[in-house]
Amino acid sequence: MSLFDKIKNDIVESHVWKSIFRHGYDDTPRNRVMMVTSNVFLHLHPAKVRRHAVRMRFTWCMGGLTFLMFLITAVTGIYLMFYYRPVAEYAYADMKYLEFDMPFGMLMRNMHRWAAHAMIVFVWLHMFRVFLTGSYKPPREFNWIVGVLLLVLTLLLSFTGYLLPWDQLAIWAVTVGSNMARATPLLGYEGPFADFVGANPIYDARAFLFGGGEIGPHTLLRFYILHCIFIPLVASILMAVHFWRIRRDGFSGPSL
Amino acid sequence: MAEAAREKKLPVDDKVHTWPHLVRMEFLVALFVLVALVLWALMVDAPLEEAANPTRTPNPSKAPWYFLGLQEMLVYFDPWHAGVVLPSLIIVGLMVIPYIDINPRGNGYYCFKDRKWEILTFFLGFHVLWITMIIIGTFFRGPGWNLFWPWQRWDPHKVVALTNVDLPYLVGFRDYWLSAAFSLMAIGAYFVLGMIGFYLFVLKVKGKDFLERWGMVRFTIAGLLLVLMMALPVKMFLRLAFNVKYVLVTPWINI
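If you read the sequences in order, they're chains W and E. Going by my numbering, 26 is the number at position 26 of the first sequence; the sequence numbering is gapless. Every number in my numbering is 256 more than the matching position in the second sequence, counting from 1.
Below, simulated BS3-like cross-link-like pairs (lysine-lysine); rule was C-alpha separation at most 30 angstroms, straight line:
#1 K460(E) <-> K491(E)
#2 K48(W) <-> K271(E)
#3 K18(W) <-> K8(W)
#4 K372(E) <-> K460(E)
#5 K464(E) <-> K372(E)
#6 K96(W) <-> K318(E)
Keep in mind that the hints were calculated from the coordinates and are not lab data.
All chains should be modelled from the sequences, with the hints used to inform the complete structure.
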């Protein structure tokens, strides 16, 4: 036995190693199952999947890529959070600082933004694919509903993030995007029947969203918290449900 | 002989191990997309304009691109409808799809023939209406939300004649109450005719006993959602062909 093999053997047979990795890398059917079931991340999958469902031309990989985009935005987003203050006086200056002075700041911001856009495209394509293969049909009806909620949350995640650079593009796009809230029937002051409820510019659905009659420092903080904590948290919970139900129901496919 | 052998070999269990078959695929695709994203992020910078200034409104002010379909609908409907009611209906309509599409065919595989009308309806809603509206809003709208070709200079002083009139006025009503009565009847007729048309159409493509299979609730929800979705292209047609501003005008809501 060579020295290398001996050292390797000592490590792999050691108490510490065996407590972390519970089985080897042998290519046996049992080990292939263990690879998935004994790994907290991989066990999002079932141990076995139907042969056709693995093919790319069936899934387009769109659901998985949407999740990948979510992970990328989470990682790059945390990096950005270290340098960004959601305060009207500082936010825009922090963007400049981030772009010009921070190591990899511009790259992280670019990746964050393009991944967010890609996530929306991927989630739409995922929905389109699921529709084409009829994968929402029994027993997966409810998972489609969870998916629609995740689609809405994806849009809201992107929309709340749109305000944070605090530049002209940000506040006017969010102004236009949020104007519909003030037209909400009953609850918006420009909407139908607002008088019956007593909605007014500083007390209606849009003011609730903005934290005031128009976009201001409160809006920035609100959108920041929604963007970084609230919506990702809700989306994560729904994603867990979404993935769990795929795992329980199995990947869709023609009956045998 | 060969036939029998093939029959014997028919897979009882067509499953493969997730590790390595699926995990390998996911890893490679994720790696490829990640590299593509990094290259893209290296080459194209995210936009950052001048600092926010609440006193300077850009013309046009556009929502983020994924909401431009909704903003484009504002041309044809008032904000409470285009911005609140229709988006809510889109979300609810998407959610009820698994419960109104009870066609057992095409569960888990691609097919067009067996669920032609289901796919065409989705295609109309998603591709024709949603995506087209986004493209129009993104590339064909300039200052004042006027129509411009993508290569045309954005002229902020472009003169557009405001020739739109309400539908009752167009057909000759001048009295308020008669106009309102006509409008309500027109909208009522649209829904009644739409539902009858939907009934006759489904009767033709799904067979005589479809109402027994669907049930009244499922039929009504499916029909109403379709008629409401079709209201957008109908209103667009009325606006573009006859310059119709509103179909119904009241002190509270306009449609």
